[in-house]
Structure formats: structure tokens, C-alpha cells
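J.: Please put together the full structure from these sequences, using the hints given.
Residue numbers (this note's numbering), protein chains in the order written: chain A, 1 to 215; chain B, 1 to 865.
No lab work stands behind these hints, which were simulated from the structure alone.
Predicted, not measured: the structure shown is a model, and the values here were computed from it.
Backbone N, C-alpha and C define an ideal beta-carbon position, used for all residues, glycine too.
Treat the hints with care, as some may be off.
[What the hints assert, rightly or not] From the derived model, a few chain B residues whose C-beta atoms are all more than 12 Å from chain A:
1) Thr16
2) Ala18
3) Gly54
4) Asp56
5) Gln58
6) Phe63
7) Pro148
8) Ser585
9) Ala702
10) Asp772
11) Thr819
12) Leu860
13) Val862
[Claimed, not checked] Facing chain B, a subset of chain A residues (Cβ under 7 Å, in silico):
14) Ile128
15) Phe169
16) His201
Given next are the chains, with one letter for each unit.
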Amino acid sequence: MMGPKTGMFPDVRMPHHASEPPHDRPVTELLAAAARGEEEAASRLLPLLYGELRALAESRLRRTPAGNTLQATALVHEAYVRLVGKSEVAYEGRGHFFFAAARAMHDILVERARRRASRVRSEATRAIDPELLGDPLVAPDEELLALHQAMETLRERDARKHELVLLRFFGGLEFAAIAELLGVSERTVMRDWRFARAFLHEILSGDRGDEVTRD
Amino acid sequence: MTETNHPYTPAGDADTEAIFHAVLDARADEGAALLARLCGEDMILKARIESLLGHDRQAGEGFLGGLAEDALTGAVEGSPDGPGSKQIGRYRILRVLGEGGMGVVYEAEQDHPRRRVAIKLVRSAFASRSVLARFEREAAALGRMRHPGIAQIYEAGTASDAGGGSAPYFAMELVEGPSLDVFVRERAPGVRMLLGLVADIAEIVQYAHERGVVHRDLKPANIHVETAPDGSWHPKVLDFGIARIMEATGTDTAGAGPASLRTDMGQLLGTLPYMSPEQVAGEPEAIDARSDVYALGVLLFELLSGKLPLDVRGRPIAEAARIIRDGDPMRLSTIDRAFRGDIETIVARAMEKDPDRRYPSAAAMAEDLRRHLRDAPILARPTSRIEQAMKFVRRHRTLVTAATLVILATSTGAVVSTGAWLRAERERASAERRYDIASELSELIRRDVVDVLNRVPDGRAIRLSLLRKVTPFYEELSRERPGDPARIRTAWLGLIALGRDYEAVGEIELARRTLEQAEVAIRAALVATGTGTDRLLFQEDLGWALLHEGWVEHRGGDRSVAREHYADAIRELSPIVAATGKATSAGEKLALARRRLGDVLNDSGDASGAEREYLAALELDEACAAASPTSDEARMNVTRTWRRLGQLARQQGDLDAARRWLARTVEARDRLNAPALPSATVHNIAVAHQDLGAVELEAGAAADAVRSLRMGVELLERCIELEPTDVLSIQQLASCRMLLSTALERSGATDAARLAGQAAVDLAKSMLARSDPSVTNRAVAASVLIEVSPTSLREPAEALRQIEQAIAESGGEDLTMWTTKAKALHQLGRPADAADAQQRVLELLSPHDSRRRAEAEAQLAVYRK
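T.: So this is what it looks like as C-alpha cells:
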């Protein structure tokens, strides 16, 4: 008897703070360290963001009235403002943040979709509709998982385009910002994006069949 | 076909990608031929690319958040002659000039008149037709500005996309020259040239100001410089007034709060350095022509020195905003002594924090620049020391306003000392000291003054206005980040208390917002906090905030949301109780959360779940009461749970058990009965009597019921006397009087029953008389109107109207409301509809709640008969 307002995460509500590993360095410090190239700091950002983004996504989805869309962009930026908004972080730290945030967003959503898919056995498998992938937060589980698969194929071919899709779709970043992060021109990013989109759309539509290889 | 700007090797097929783009870049009619030529004999490659091109076309605008050029809108239509040639309105798109926060800018071509134009397609989700109409009207006003220095707006329109949405766009003059920053970097004009250029710009801005248009987003990127055939330079200002249209028509994501929280970081970062203090303060009504004067000052400083007067680049937004509001700008002469004197003074004057102290107009600034250029004395004079001192006071408006509130507080009778504040001000106290004082003042006002007003009849308006006044202080405090956890907690604890106060005066939306702010502040602090005691404290506070959020939803909104809030609160509090023990403040809170979760569960038909939560709460309550035997509150908590167990037993039809639990409750609470009890305690004693009376009535002990209910009415009336705005007591009183009317009638006191019944109806009506009655007000009033005695007083039609509204507003999962609705329909002689409503009650009841199911089914049979 779940009404429509019960929220979108009825079954994955974990105590996010309790499940986090204890950490003693605040985010701002980690970001600064990551910017200085400390590998360890960058790897510890992820769980932090994970917790924060999940909390945000959950609380927002629960309270967003139906009909109001909620964009991943807004969430990531909100997480940014909350986590680092108040303190002085070098500008360079931002890159690490957005990378980590986009990855965290991806992981959270895919993981959740997986968990639900494993529990709810649908009677009939329907065809994947790529057009339902407009916003990662409201995309259906099936589509999200299919996209994840397709993105893995993309990653094997071209890691940078994979990152681009992460940043754009899951991180909600603008092209200019992505160009800066990836260290390429905005034009290149836009071209890459167009190709990646067509590539993913093809796989998701089930048109691609086996990888066509040339001798 | 050399695509060389990929500094990486795609693991896939580089040709595929290169040809894909080549065909996309080609003209539509040449694409197929080009593809054939580039692929040559390789039919597999050709098929591969054709497939990809097909999917590029097929992929809808929304796929993965949209194509770059299409910018989330479908307004760019493929024209009939295929892809590669696209159209917005009557403009043919040639290429993308750039993508900004607002949307995408294209270069486009128009046939009549034949010209190149710039099209700015706005990325937005415009709400309604009226908003679109306003957008077009305002854009038309901008289009009436004709000045060689302003990029002309030709047209504003909305292109409708395939999905039925609308994408507004501007068609405007295509400006050829480089933007001001690029221009200065490349041409390196001399100081006099630059001053002349800025004077020109100021005059252009003045032209717009005279037509009532403020730019609001002046920055080098929005100013281009064209070089005339004779070699002279002419600045051209873009995007006049567009920033305001965007805000006014709702492109700015509403609800995101202050400008500093706008989601569009990229754009904001570019704009921030030029924003005036009033702009960063998020006071749209304070923005006027002088905000543009401020931006011109920053611009002049930057052009002359290559630096920003306030170092805000790369800072977090909130920090940058603070610097703009409070920071002292760098003096131009510290960068180059040559700027000492006039130029420095002109810049400083334009950049005054207080708009009143800036140049009153862009023209006045232009005038001073021109005077300087012709060596005439300028009109601005350096800021004096006294004025600088005054600045300090102005900048600390928070404290000054707080002082005003103190005076108000004193005049309403609370004892307040302003001495501390004055002394602190004189000493220019440290940030922390100011923080403490501000929080102390806020506390004082919230607690003492508001509490005093609770006792004043009709104090609601004043109380509410004071709450509203004090809210910004807490908001401000919660944005501060003092290192000391005790300090940081005052802010959010204050917000939580405020949320509770708002709820108590029936301001659900304000309550919700305030509590959410508290939650946000705590979560943010938790993220930045390591392990240890602080973390536990913060976590307990988070549980506390969630509990209140649940309460607000429970009382005034969506019960399923309430349930989740309570469950969240339990999740936060349980580990603390596990670590620190039951008889703690966390244990008390956990008990409360469990009790309330039990209430919600019970309301939604899960009696066994409710009982489980109540028993868990009772265990905690008893531990707390045992640990502090003298505490009234601890004892009260135990009785709270008893009372609920009593109600539960009653629902399950075990009237004896119900009477036992409730009699225990009454007895324990009556022991608290002393003349000086706070109204909340009196309320609690009252409801215990009421509950007992209701069970006695049900058990057929009408005389006992009359006695209990009379006691309830009397006590509730006292509550309302103490606190006239106490919504809860008013609702309770209405139902208590209603029960009393029935009890009186059953014991044969017809006249007294009519009197009590009339009083119940009157009160119910007054609850509905508010402009926007809450869900609970409607629900309680509806049940009074159908259950009051004698039956001649009943108004089932009105009850039906109210209960339907309440159901609609609350999400429709409350079975009590559906029960009421069924009864109302039945009384109106619509048994079939009543049966439908009753059917809904059955759906909402848990399958395990056999007792209530049986009852509901019996009722259903009655309606069906």
C-alpha cells in the first residue's frame, strides 16, 4: 500500500552517517590535498560525497512534489556548496570534486537500480527506451542499468568519452567546465559528446548487435 | 579528413569518428556524397557510420540531458531538407557561438531583411503561458532601445518544441568585435584610451537607465569593442536587461534560495566579481542603476590594473559574497602609484558599498572621467575617516537591527540588557563574541518575547511577525561556521525551536522551511566533523530536527512523509542510545520518535506496528523516569505512552483494557495539577480526561463520560485562555465538546446537550473561518459537524466539502478521514458513495488489523443495505 508520495527510495534508506567510515579530515582539506596530487585524499573523497549525495538525493526526492523535476546538476552543485561552500579551497580542488561527485552519483543510482531490479522480478521484460534517460534521477531502473552497460562498452573503447558522459549526465556539468576538467577544448568536448550520444543510443536501441570489426 | 585535435587514441575506430563529424559538419545536401567518398570501398565502415548518424538523428532532445547545441530544448528544428540545416523561428542556424549558463548562442541568418543575427536560446522550463507572454513583452521593451552602443534586440519569441514545451529565444544584433577583455589584452590601449572607453560605456549605460533598464550583469564578456573603418573604437554592450527578465520570468530556479545557491555555478563565477553588495545579498528590490555603477567601477579597476579590486576569484560563492559585502577593496594606487588621486577616487566612489554613496548615475561617473581627461577637477571626493567609521556600522546591519529588536523587546516588558551589546560594539568585539551576542539576542527574543505574546489575546499576528523578524538571524547564524560546537549548535537549535513555534501558530510552510534549514545546517556540519562527542551531539540534533519535521508533516501535511522523517530520526538516534544508554536526552528523544511513529502507523491502519513502537517507547520512557524520579516531564512521557496504549486497546475493542490504561494516565496527570502549570501540561491533562470520557461513552457509562469530558472541556478552555493561538487545544476542545454533547444526550440532559453541541459547532466553524485552514482543522471540524448531538445540529454537506479538501491536501492515505467522509455521505443519503468511501477505508487498513477490519466491514454492510 505504497502511495505515490512515499518517496523514491523506500528501500535503500541506510543510515548514511553511520555507514560511512569514520573520517577525520574534512572535505575541504581532502580537496586541497587531492589538488596537490595526494592520491589517498582523492580516494577518500568518494565515500564522503557518496554519503552526502545520497542523503541529499533522498531527502530531495522525498519532498519534491510530483511534477517538479530535480536535476542532478542542482544536487551536485548543492552538495558542493554544502561541503565546500564555506571554506577556502583552491580553485583546482573543484575538478576533483566534480569528478568524484559525478562518479558517486553514478554509483549511487546504478547500485540502487540494481538492488531494486534484483528484488522486483518483472514478469515481462520490456524493450529499453533510451528517451527515458533524460535525467539520471528520474530514469527507470532498467534504462539506467542498460546505460551503465553501454557506458562500460564505451569505456573500453574510449575512456575519455566515458568520463565525459559521467560528468555531463551524472554530474550535470556544463561543457565549458568539462572541457576545463578534461583539458581539451570546448569544441572537442561537444564533438565527443555528440559521438558518444549516438554511440550509446545505438547500443541502447539494440541496433548494434555484435561489435563490427574490420580486418 | 584529418581530425588531429584528439590528443588520445580512441580504442575504437578513429576513422569512424572523423567521418561521422565530417558528414555532420557538411551541408545537408552534400552529406551522403561525402560519406560515400570518404568510406570508399569500405561498406562495413559506411554502414557503421550511417547507423551512428541515424542514431544521432533519432536520439531525442532529452536523451542524456540533451545535445550541446540543442541545449535541452527541442526548439532547434531540423528543417525539411535534413539534418545540418536547422531553424529557430524564422532564423536559420549557422553555428554555435557559445554556450553559457543561460543557454546557447547561435549565429544565424535571416532572409528578410537579409542579415546575420545572434540567437540566444534560453535554457529553461517556463511555467505558463502568462510567463511567456511577460517574457515577450519585456523583451519587446528592450527592443525599443536604439543606441549604436547597445546590441539591438530584434525580436523575442518562443519556439515550441516537439514535446509541447516552449523555448524562448532572443534574436539580436550580431556583434563583430572582440569582447572587452580580449580587446584590452590584444590591443593594450593606454590609460587615457581606457578611461575614454569606460566613459563611453558609462554613457551607453546611462541611455538605458533613462529608459528604465538596468543591465545587472555588466562585465567584460558582455561588452564588445568594434573598430570603425577610421580606426576608432566603439564599445557595444550586450544583454541589456536580460538578467532581470531571466529572474522575473522564473528562469532562475525558484526555491534555490539566495543567489549564492543558484545552481548555475559556471555563470555565477564569471559574474560574481562585478556584482554589487546589494546583488550578492540577494535583494532584488534593492538593485537599481547604481548597481551598474558599481560594476563599472570594478570594470575600470580591472582594465587599468589587470586585477580585481576584491579578490573573489576561485573562492567559494558564500565566501566571495561575504568579501563583496564586507571586504575593503584594494586601492588602485597600491598597484600603480600613477593612479593616486582622481582615478583612484573615481573608482572608489563608484564602488562604494552603500548605493547612496556611489555616483548617483552612470552619467555622473562618465562626467567625472571626462573632467579628469580634460584636467578639470573631479566632483567626487575621497571618503573621510568619519564616513569610513560609519561604513562599519552600516555593514553590521545585523547587529544594528538586533538592537532595534531589543528595544522592541524591552517595550513589551521583557527584561533585556543592551549593555553587553553596546560594550561589545565599542570594543569591536571579535567575530565569535559578536556571534554569541547575536545568538543570545535572538534566543531572548524568540523565547521570552514570543512566550509573553502567547498569553496576549490576538497575539498571533505580533507573534508571527516577531518570529519572522528573528528567523533571518538564525539563518545568518547557521551560515556562520564558528569552530566551537556549542556555538554552532545554537543556530540550528534555534531554527528547530522556530520551526516548532511556526507550527504552533499554524504556519506550516514556514515551519517546514525553517526546519529544513536546520537539517541542512546539521548535515553540513556532520559531513565536516570527525568522530567523537561532537559528532554524537550533532547526530542527536539531527534526530531532533527530523522529529520536528515529521511532526509538521504529521500535523499539516503528508503522513507518509512524516513516517519517513520519524524513521530517519530513529535511525539517527538509535546508535547514540546504544552507545550512551537509555536514560539520556537521546533516549528521551528516541522514545518520542517511536511514540510518534506509532501514531502515524496507527493513523494509517497498522495497529500492531503502532503497538510495537509504543511498547519500545514505554521501555525508554520508564528508564528515563526511573533515572530522574522528580522530573514531571519524565513522568508525563510515561503517561503519554500509556495513553496511546489505551487508545489502541480501545480501537481493538478491548474497552476494559482501554479504561485501565487511560484511568492510570488521568490519575498520574492529575497529580501534576497545580495552578501554575504551563499550558502544554494542562493540555495533556485535558486530553487524558477526554480520552477516558470517550471510552466511557463507548462502554455505555454515560454519566462517567459526562464527568470526564466536562473536566476535559474545562481544562482545554483554560489552555486557550493561556494561549489563545494554541491550534491543538482548539481542535481538541471542538471534539471534546462534541463528545460531551453526545454523552449529555445519552444521559438524558437534552438542554445541556444542545448547548454543548452548539458550542462545538461554533468552534468548528471558527476553525474553518481562517483563510487557509490546515488539513487537521478541516478534518476535525468535519467530524464535529457529523457527530455532534443532537442530530439537528449536524451539517453533513459542509463536512463533506471539508473532508474532501483535507483528503486531497493530505495525500489521501488517512483512514480516519475516509471514515469521516463515508459517514458524511451516508448522512447525506448517498449510501452507494458512502460504501465506496468505506471501501477505501478497508483498503487502507492493514490486513492484520482484523478487529478494525471487522468493524469497517460491518459499517460497509450498513451502507450497502
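J.: Would Gly54 (chain B) pass as off the interface with chain A, using Cβ distances and a cut of 12 Å?
T.: Nearest chain A Cβ is 8 Å from Gly54 (chain B), so the label is violated.
J.: Can Phe169 (chain A) be said to touch chain B, with a Cβ gap under 7 Å?
T.: holds, 5 Å
J.: May I ask you to check that Pro148 (chain B) keeps its beta-carbon over 12 Å from the closest beta-carbon of chain A?
T.: holds, 31 Å
J.: Verify that the Cβ of Ala702 (chain B) lies farther than 12 Å from every Cβ atom of chain A, and report whether the claim holds or is violated.
T.: Holds, because the least Cβ-Cβ distance between Ala702 (chain B) and chain A comes to about 37 Å, which exceeds 12 Å.
J.: Does Gln58 (chain B) really sit off the interface, with its C-beta more than 12 Å from all C-beta atoms of chain A?
T.: Contrary to the label, Gln58 (chain B) does not stay out of reach of chain A, its closest Cβ about 7 Å off (not over 12 Å).
J.: Would you say Val862 (chain B) is clear of chain A, with no C-beta pair closer than or equal to 12 Å?
T.: Per Cβ check, Val862 (chain B) is outside 12 Å of chain A; nearest 24 Å; holds.
J.: Any CB of chain B closer than 7 Å to the CB of Ile128 (chain A)?
T.: Since the shortest Cβ distance to chain B is 12 Å, the answer is violated.
J.: Hey, does Asp56 (chain B) actually stay past 12 Å from chain A on C-beta?
T.: violated, 4 Å
J.: Is the nearest CB of chain A more than 12 Å from the CB of Ser585 (chain B)?
T.: holds, 19 Å
J.: When you look at the beta carbon of Thr16 (chain B), is every beta carbon of chain A farther off than 12 Å?
T.: violated, 9 Å
J.: Can we trust that Phe63 (chain B) is non-interface, i.e. its beta-carbon lies farther than 12 Å from all of chain A?
T.: violated, 6 Å
J.: So Thr819 (chain B) supposedly isn't at the interface. Is its beta-carbon more than 12 Å from every beta-carbon in chain A?
T.: holds, 16 Å
Hint compliance for this structure: hints 1, 2, 3, 4, 5, 6, 14 are not met, and every other hint is.
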